[in-house]
Amino acid sequence: MRRAQVRDAERTGRFLASAAGEGLLPTLERLTPDLARLADPDQALVMLVQLAEELGADRVRELLRDPAAAWQLLRLLGGSRALGDWLLTHPEHLDAATDPGPFPGAGAYDERLAAAAVSASGDDAVAALRIAYRRELVAIAARDLASEEPVAVLPEVAAALADLAGAALEGALLIARAETPGGEHVRLAVIGMGKTGGRELNYLSDVDVVYVAGSAGEGSNEGEHSTEETGANEAATRLATNLASVCTRPNREPPLWQVDANLRPEGRQGPLVRTVDSHLAYYRRWAQTWEFQALLKARHVAGDADLAAAYLAGIGPMVWQAAGRDHFVEDARAMRRRVEELVPAGEADRQIKLGRGGLRDIEFTVQLLQLVHGRLAGELRSPTTLDALAALSAGGYVGRDAAAAMADQYRFLRVLEHRIQLWRLQRTHLMPTSAAALRRLARAVGARDGDELLARWRSTRRQVRRLHEELFYRPLLPATAQLSPADVALEPETAVVRLTALGYTDARGALRHIGALTEGVSRRAAIQRQLLPVLLGWFADGADPDGGLLAFRKLSDVLGTTHWYLRLLRDSGVAAERLAQLLSESVYLADLLLRSPESVAWLDRAEELRPRSAEQLRTRIESLVSRRSSAADAAQAVRFVRRRELTRTAMADVLADVDVESTLVISDIADVALAGCLDLARAEATAEAGLDADPAEFLVVAMGRLGGREIGYASDADVLFAFRELGTAGGEETQAWATGVATRLRRFLGDAGREPALEVDVDLRPEGRNGPIVRSLAAFEQYYRRWVQPWERQALLRARYAAGSVALNEEFTALIDPLRYGPPPEPGGLRELRRIKARVEAERLPRGVPTTHHLKLGRGGLADVEWTAQLLALQHAHDVPALRHTGTREVLRAAGEAGLIGPDDAADLIEAWTLASRIRNAIVLGSGRTSGVKVDVFPRDRAEAGKVARLLGYRAGLAADFEQDWFRVARHARTVVERVFYGG
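Sequential numbering from 435 applies to the sequence shown in the numbering used here.
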């Protein structure tokens, strides 16, 4: 027993010590090497002894005389306790268990099961059918378990099981006709669906079917239902109901399997049986995407063959045109996610079928590719997964290596599923957890032990998931660098279908771009031919594959002849994919990269995408400015540095694997640009005035969102300009000089030019647009002492140093601190602030924009949160120094920590402000717009909302979740604003 690898020697020994057991010992000694290779040697030995007790030792020894027959019987007994028990009660089926013949072809079971069905009547007929079915099942399982390469015979096994199920359904239909009054006159076709239709059935699965009834008026107009037809449907319904009952109702023999008709139109709510015309009418008008996916497997398995042919001929064109429906690919992907989400949490890590990396990943992938590409390629229309996968590979729709790997993984997972089900003939798709069950399963599939099996299964799941994500979400499989021109130079019509499947809206335009990039025999064209199959899929992963491909073509026209560009994309592990993501998700970045194509080189290393320090930027500006002969050219150099850093920041912002706080970085870039152009403006103004030195100190004070270090890609730079005379400089001359500096600074940064502009806004100055754009420190002091308004105190809360004289800034800060951090405003001042805020809400919101959609002025938007934070600072910063910060989030955190508002309120406000800021930036990144009303409006266009959602980290197809998240966050924030700001 030790050599036979028996685990429970005591129990097995008792059986072998019996009279029947002793009679088998010489034979068993010869079979010891075979016993040691069984899934469960103990079970096989015990059952052999029980068979000997039932039939006599001589009969069992005779069965075991032939090595092939012995091996087949031993494997069956050691691999299926349920079928071993069946043989004990039906030993006449031992010949089926020991017949080493090949698997029979389609239709081989029909005659035998039909004969059983008509051999008796009533329950005896049901029993005869079930016994005949089990006999054939024993033969299939014995041949399967005896195979040295179970993954190799898996297709034959699954096909045989499906054929056997079809024969059983045909037999059940014969019995049902005999039991149904008038049943012999009813036309009924049984259409196999799912794995039954695909001839890839499990040992114990529900058998999915759809019933089709005949009628007197096939081909009549939709909606015309005669009394005769209604009666035919009722009779067919009774017949179909009785058919299912034959398979499952109580009987002395165990049931076959559940007959599941839930894939019919309207599911459980719909009629059990329909005519061909009724089926087709439903599919034309009401069917959802998943129903066409299910119909891909439809196949006649029992009943009226002509009726089935009419049904299949009717649905076929609809199935293979379904991919042209709106949002077809998105719906298919959403369905896969829903299936995955419905897996109970406790089963997720044990699921062979439904979970991540399971059989459904493979099946959904193959079916989506079939439905998309099969519109023109008839060879892809097989209902069988492995056949379809082979056709996809042969046609070039899936890479050969990927298809071979997925086929191997599918076979392995199906074999696991079969071996688990065979043990007790139970419908299950879960990996076992007990050590004994894992050991038995491992031995059944050729693994050393449970640990090795689990390791292989987990590795298979990872590989399946990776391929699923590459193919299911990128239907044109990424190719290797060895792809030849023939692999890319597709027939135009086929290429159009493929590109459409990937998500390109102008597939013919995309084909023209591909042709332009790959034509010719140059090295450049050869490398492009290697890259494009990969890039097309990566563009398709983005929100705008057409735009991504077009931008790539333009960029390649600029850089294609350089020595590094294509080599980088070919050889880098990350650069090409990152570039594809940037170009297909961000119009803003596509434009910036065309202006500075050398920035593509940063994509190879994450550290190149991290923000540069202010000191590094100042050094770079000084170097560039020193080589320019005019102030205007030098100002363009400053703007060039700003644009490069905006490019760097935007690239990091879009790429999820590079972390960056974009508002802080963009604000710091603006500070450096202001400082660089201030130096140029001062120098030019001083020279124009004929002076040897500046007549005054000059200060740029950041205000608004710049003051809070919170500006985005489309923001202006809000500032105040201040100066203080030096020495004996005259007042009017100095004022003129300072005005000239301010005007030049604004012009250097804001005028149209080859580099992006930064609008410098001075509307927050004293007296607003009616006041001078620059004031002396003394003038500021005089104004603030006599005329300061509550809204100006509020605006000064965000004032901070940006550029210019540090000493002057210290005095300016000393001047404004008592105003912004002094005693809280009087009740009248608070009422005035609230009145202004209410007026802003009522008057400044653009016409036609819902209050829920305006990110800045809407309910729960930026203005709501910022005014609330500023009110808290005005009221409490005098006593709570932590509130003396220019940043909105910092003030709210401090207010929460000081107990001025609840921590949940602070969190709600911060979340709304952060999300609104991110959405505004994402709108700019996605659309390329840096001005106009739409920059501040939550996108209502589905495509644009989807693009923004992707930039914010939402998966494809979840734009509705993104919209609901914003509405929820803004609603919570508005509730806090009404209570804290308005006192509601």
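Source of the hints: derived by calculation from the structure; they are not laboratory data.
Note that this is a predicted model, so its numbers are computed, not measured.
Treat the hints with care, since some could be wrong.
Under the rule of at most 20 Å between Cα atoms (straight-line distance), these lysine to any residue pairs were calculated in the SDA-like manner [unchecked claim]:
| id | residue 1 | residue 2 |
| --- | --- | --- |
| 1 | K1368 | P1337 |
| 2 | K988 | R1052 |
| 3 | K1368 | R1268 |
| 4 | K1368 | R1281 |
| 5 | K988 | T952 |
| 6 | K1290 | L1160 |
| 7 | K988 | D1093 |
| 8 | K1290 | Y1255 |
| 9 | K1290 | D1399 |
| 10 | K988 | R1044 |
| 11 | K1290 | H1310 |
| 12 | K1290 | E1193 |
| 13 | K787 | E775 |
| 14 | K1368 | A1276 |
| 15 | K1368 | E1193 |
| 16 | K1290 | R1323 |
| 17 | K1290 | R1268 |
| 18 | K1271 | A1394 |
| 19 | K1290 | Q1309 |
| 20 | K1290 | W1301 |
For each hint, the structure was consulted:
1. K1368 <-> P1337: Violated - the C-alpha atoms of P1337 and K1368 are around 33 Å apart, more than 20 Å.
2. K988 <-> R1052: Violated. K988 to R1052 sits at ~32 Å, over the 20 Å cutoff.
3. K1368 <-> R1268: Distance of about 27 Å is beyond 20 Å: violated.
4. K1368 <-> R1281: holds, 12 Å
5. K988 <-> T952: Satisfied, since the Cα-Cα distance of roughly 14 Å is no more than 20 Å.
6. K1290 <-> L1160: violated, 42 Å
7. K988 <-> D1093: violated, 28 Å
8. K1290 <-> Y1255: Distance of about 26 Å is beyond 20 Å: violated.
9. K1290 <-> D1399: Since the Cα atoms of K1290 and D1399 sit roughly 17 Å apart, the hinted pair holds (cutoff 20 Å).
10. K988 <-> R1044: It is violated: about 26 Å lies between the C-alpha atoms, which goes past 20 Å.
11. K1290 <-> H1310: violated, 25 Å
12. K1290 <-> E1193: Roughly 19 Å between the alpha carbons, so the hint for K1290 and E1193 holds.
13. K787 <-> E775: It holds: about 13 Å lies between the C-alpha atoms, which stays within 20 Å.
14. K1368 <-> A1276: Given pair K1368, A1276 holds - Cα atoms ~19 Å apart, limit 20 Å.
15. K1368 <-> E1193: holds, 18 Å
16. K1290 <-> R1323: Holds, at roughly 16 Å.
17. K1290 <-> R1268: holds, 17 Å
18. K1271 <-> A1394: violated, 31 Å
19. K1290 <-> Q1309: Given that 20 Å is the threshold and the Cα spacing comes to 23 Å, the pair is violated.
20. K1290 <-> W1301: Holds, because 11 Å separates the two Cα atoms, which is no more than 20 Å.
Consistency with the previously given hints fails for numbers 1, 2, 3, 6, 7, 8, 10, 11, 18 and 19, ordered from lowest to highest.
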